[in-house]
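There are 6 protein chains.
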Amino acid sequence: MPARIDGRQAHELRPITIETGYQEFAEGSCLISFGKTRVLCAASVAERQPGWLRNTQSGWVTAEYSMLPRSTSTRTQREVERGRPGGRTQEIQRLIGRSLRAAVDLDLLGPRTITVDCDVLQADGGTRTASVTGGFIALRLAAEKLALANLIPPETITTQVAAVSAGIVAGTPVLDLCYEEDSAAEVDFNVVMTGADAFVEVQGTAEGKPFDGASLDALVELARGGIAELFERQREALRAAQT
Amino acid sequence: MPARIDGRQAHELRPITIETGYQEFAEGSCLISFGKTRVLCAASVAERQPGWLRNTQSGWVTAEYSMLPRSTSTRTQREVERGRPGGRTQEIQRLIGRSLRAAVDLDLLGPRTITVDCDVLQADGGTRTASVTGGFIALRLAAEKLALANLIPPETITTQVAAVSAGIVAGTPVLDLCYEEDSAAEVDFNVVMTGADAFVEVQGTAEGKPFDGASLDALVELARGGIAELFERQREALRAAQT
Amino acid sequence: MPARIDGRQAHELRPITIETGYQEFAEGSCLISFGKTRVLCAASVAERQPGWLRNTQSGWVTAEYSMLPRSTSTRTQREVERGRPGGRTQEIQRLIGRSLRAAVDLDLLGPRTITVDCDVLQADGGTRTASVTGGFIALRLAAEKLALANLIPPETITTQVAAVSAGIVAGTPVLDLCYEEDSAAEVDFNVVMTGADAFVEVQGTAEGKPFDGASLDALVELARGGIAELFERQREALRAAQT
Amino acid sequence: MPARIDGRQAHELRPITIETGYQEFAEGSCLISFGKTRVLCAASVAERQPGWLRNTQSGWVTAEYSMLPRSTSTRTQREVERGRPGGRTQEIQRLIGRSLRAAVDLDLLGPRTITVDCDVLQADGGTRTASVTGGFIALRLAAEKLALANLIPPETITTQVAAVSAGIVAGTPVLDLCYEEDSAAEVDFNVVMTGADAFVEVQGTAEGKPFDGASLDALVELARGGIAELFERQREALRAAQT
Amino acid sequence: MPARIDGRQAHELRPITIETGYQEFAEGSCLISFGKTRVLCAASVAERQPGWLRNTQSGWVTAEYSMLPRSTSTRTQREVERGRPGGRTQEIQRLIGRSLRAAVDLDLLGPRTITVDCDVLQADGGTRTASVTGGFIALRLAAEKLALANLIPPETITTQVAAVSAGIVAGTPVLDLCYEEDSAAEVDFNVVMTGADAFVEVQGTAEGKPFDGASLDALVELARGGIAELFERQREALRAAQT
Amino acid sequence: MPARIDGRQAHELRPITIETGYQEFAEGSCLISFGKTRVLCAASVAERQPGWLRNTQSGWVTAEYSMLPRSTSTRTQREVERGRPGGRTQEIQRLIGRSLRAAVDLDLLGPRTITVDCDVLQADGGTRTASVTGGFIALRLAAEKLALANLIPPETITTQVAAVSAGIVAGTPVLDLCYEEDSAAEVDFNVVMTGADAFVEVQGTAEGKPFDGASLDALVELARGGIAELFERQREALRAAQT
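Chains as they are written, first to last, in the working numbering: chain A, 1 to 243; chain B, 1 to 243; chain C, 1 to 243; chain D, 1 to 243; chain E, 1 to 243; chain F, 1 to 243.
Extracted from the complex, chain A is given alone in its bound form (with noise of 0.2 Å):
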């Protein structure tokens, strides 16, 4: 088997670090890195519900997400310089949303906004992955904030979500690509699963060459057994937030 760029084994994630309560001000908040990938997620609460909404007691859970400008190797022009979001940012921003949904019981949130940013301030592969991965804490310490004043009870956040990206380099699937990895390869997965090891979102596209029904099993299994390590990282971050 090839060595992979940074030496990493076919399974194996970059080294995973998470801070919490980066941003002070924030209901809750986190600033995690994937390698060099660094992404600072802050989920705010806002006491109103989207218009669709109005007549329930449902809450909603929703995201942004946006890279600095030298977040990448060379200067990415602002988004607000050309008086929109992006394609790409808004199909990760509504990704980002649909999985931190999928960990909330949005009864239970009641009549409430929860929005989580993601801002990229590194981005060297997976910022997507990340995004989820750090939007899921930022999310439950802004829950664990409006459970303590008993706003909400505690099992409105009713499971984990974590995020993992794999892919075919060079003809072998290897896990959580790096920028360097993600541009040569010919098959790219982004795998969003809930911690009862349940998928939200599968998304695999093509490249290059079309992929077989082997390699897609191949992929979803690398995916799940780095998300579960994932899950792990996200259990002890939080365990530190608390003490």
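Identical chains share a label here; the pair holds if one copy fits it or two copies do between them.
Here are the simulated DSBU-like cross-link-like pairs (lysine-lysine), alpha carbons at most 35 Å apart as the crow flies:
#1 Lys36 <-> Lys145
#2 Lys209 <-> Lys145
#3 Lys36 <-> Lys209
FYI, nobody ran anything at the bench for these hints, they're computed from the structure.
Could you slot chains B, C, D, E and F onto chain A? The hints should help.
For chains B, C, D, E and F alone, kept in the frame of chain A given last:
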């Protein structure tokens, strides 16, 4: 097994019709129906490359997608009135473009761009899969015209591409969901394949509750069967267009 | 007299076809053709007034107009990509709206809005006049549905409205110009009339050289004849729709 | 015959004043008044062609139109705050541009663009006709400057152009409507003519009830008389500017 | 001491003229000139508060600023064509608004908004200071009208406000720079003061080389003298308006 | 003298920390804190000039400024969602750009552009002064890299630049206001200076009541002292970065 809303079997497609040459001025076009869903697809050839291909001899295939305001059961505001394509629109047109490019040898296409417009005249679920399936017909007809004029070799189009949706409705995996089924689905898949029985895209989303690995396998299998049938419909339409 | 490009007489319309009910979900719809020009017209009823009618019992009729990118002989960029409807589009949709309101008693319509969407599937000259003529059919069908439900009185639609173009081509006044004639015309008229043989709009523009009073009279007379014939086509289509 | 609001005869213009050279930096400019309606017109010459004239030796004349927020009796929001010129603005600036081009030999103008800005300082009806009439003065003055510098031949400006409104108020055809008359008018005409007694534009709209052929004739005749008088005012102003 | 371009002394203002009531429909208006710089200022009263004052009895004063395209020596594109006010425009309108609010007791103004529009007809340097100085006149005239109608007490306007520029040109501090001086200035100051000889704004920018504390003092002193004179001109214009 | 909210003396800065190299991909970067205010500054070098410098050998330095949505005590909407940078943002980024250019010999910089991005991670008052002070570090580090590569001479950076705020709170002039002081301040100053003890910008605004000349002098003096200390901090950080 519970009967489907419109009496179909779980693995059955809706009636498929393809009318080629609907827009006379386009290099290739068709009006495709998946049941009540009707999409007008047109391929336009331009003798210029996108900026990032400058200094190469490669071409590009891109797609645009839009719904007429009254394609839907209540009127939908035009996106131009809001000043920009929404997130869903951009996500769909990126998907269509990627899917169609899987059938094209961009080096053989040469320094030109083919834009495939998919305009939904009536929307009853599955508009993105009908767009990919009909978009391929339009693209193929345009390529034939270019090949006839000796501008590109016939092998520029390397395979067929088609797409279909599948989902879990009331616990049962079903193929090619209509709008009413789609609204009630717990899990929603869109699968794009090439004529070589290989996957271009697998996108599965849990709308309500997360899904397990067995469901993933079942849905992918259903889609594979539906796409085989769509390939047959495409070949018939292309044969008819040539006579 | 020089023969016209397509062999028509100076005072002859192109073949007119009207297919009602083309968009099943709309309250009223039709696909109208003036020769190769094809416009899909749909009327949508909303139970709300525009802001400036608040505190009255009146309703409103408005129109939107758009061309599919490949309705034209070379592809036209979507207006949403430029972020706003162009000047021509706005001018045309204001004309269609004003014209259709001339056939409606807005007080009888009551506090609701009818939006008539005119989407050009194929453009070969005269798209705005086809839009007015087909838009009236869609509007009338929607009003019939409202009247059947006893929401408005049948006399809410007070008359017919139709439109046609006329122009001076190579010195000769001709009716209902196709694109090629339109491009070569020295003078370009659009006339909208009601069933009471009265004018709603007369818009004449010298494209090349200014015109004298005699030309103005001749063109208005040509248009009047064409519109009388369009009224007949409208009545046939509406009768057919009812059976 | 019922007296008009301001005591004028049916065929009478409001007091017309033209002050040339109002904006010192412009190649040509004037402040024109039709009664209380005051429009500042400026012609700017740029030594470049619009894109579609590239590879020709022709020039172009275009116009822009805007109203100061407090030109109107209650404040009107600036269009820049809404992010784009409204439909009415675009319709008017297209009309002014077409009208002025009828007075110019664009081949003789050579590869340059003249932009005529019409900014309404005070609006009391007829702002578009004052803009055409005053815009011609600004254009003519700029052309004289170019001719003096031997950049274009004097015959580049081929004729005069002026415009006036007419309408049916309380059943009577009247010339040059002020705002109050305009609001009450059943029919509203704007007519643009050249010095050769020929029409450039005839735009008639029934605001309330449709009009018959006799009304059309009467309004066109009124306008012709008013324009003849405006030509006289233009010639006086231009003579005064030269001394 | 080197003579100034237009022969003025270092501490001398350009000729100041103020014509009140220029826009008849506005609650207060004036056309103010500082030499060739001419700004049309209009105050509009609206009986509504901005959102953030809801549930209070306070009012607000805001300003908008724009330049006519041909106010400048070469034509400047309209900001509406770029879809939004530029950074400089926003900076200036924020400055004018803040400055005028320094002269108003917003609690006495009551739940209404006064918008002061400053439209530059001709720009020869100092347009923002002319806008503040003329804007105060328009505001004061509008307030007098409200006071006459017993809607606000006369002491709502608590003081005068005026502004002037100063700068270092060729090493010498000078007052009220014209465009040519401004372009050559090393340091550029704008100072706004109230009638109580107090500062509202001091904005100093080194365009070329940084300035020391002595220069700062000299420029502020020059500005103070110029503003005293502008207060006198304002009082004359207001007295004349009342007779 | 009343104690300050956080116990500081009137002339005391908050704790200043500067972490260089925070964004690995940038040519120069630092994370700077003024107390709880934290700004991430990155300098990007591009080998192209802005349009107006074409045909010269000069370069340019520009800045962009943005706040993360949850840098503030309640969430702030992203500007991209409103389609454009707000007035305050543009004003600040113009200020940062002008300030940094005061430290650069643009002719020596040569035909390139350095963009300094200042992204506020946490906002507790003084974000613009922290941006200037940290932006200089990023700029200087990028310039060192260019000088090391012999692309520019070391003397391209001609001096240091730093900025600080001062204000009058409860009648007392104080240095480097935190958010709570800033909200209560009667007068708000921002001062930018170079290492040669000279002013680049002096911006003073009366938020509540106008200020006299003595206050102006006191605030400028306070700022001068604070900036001297910031220069020391900058030098320490730059020395540490080189080892």
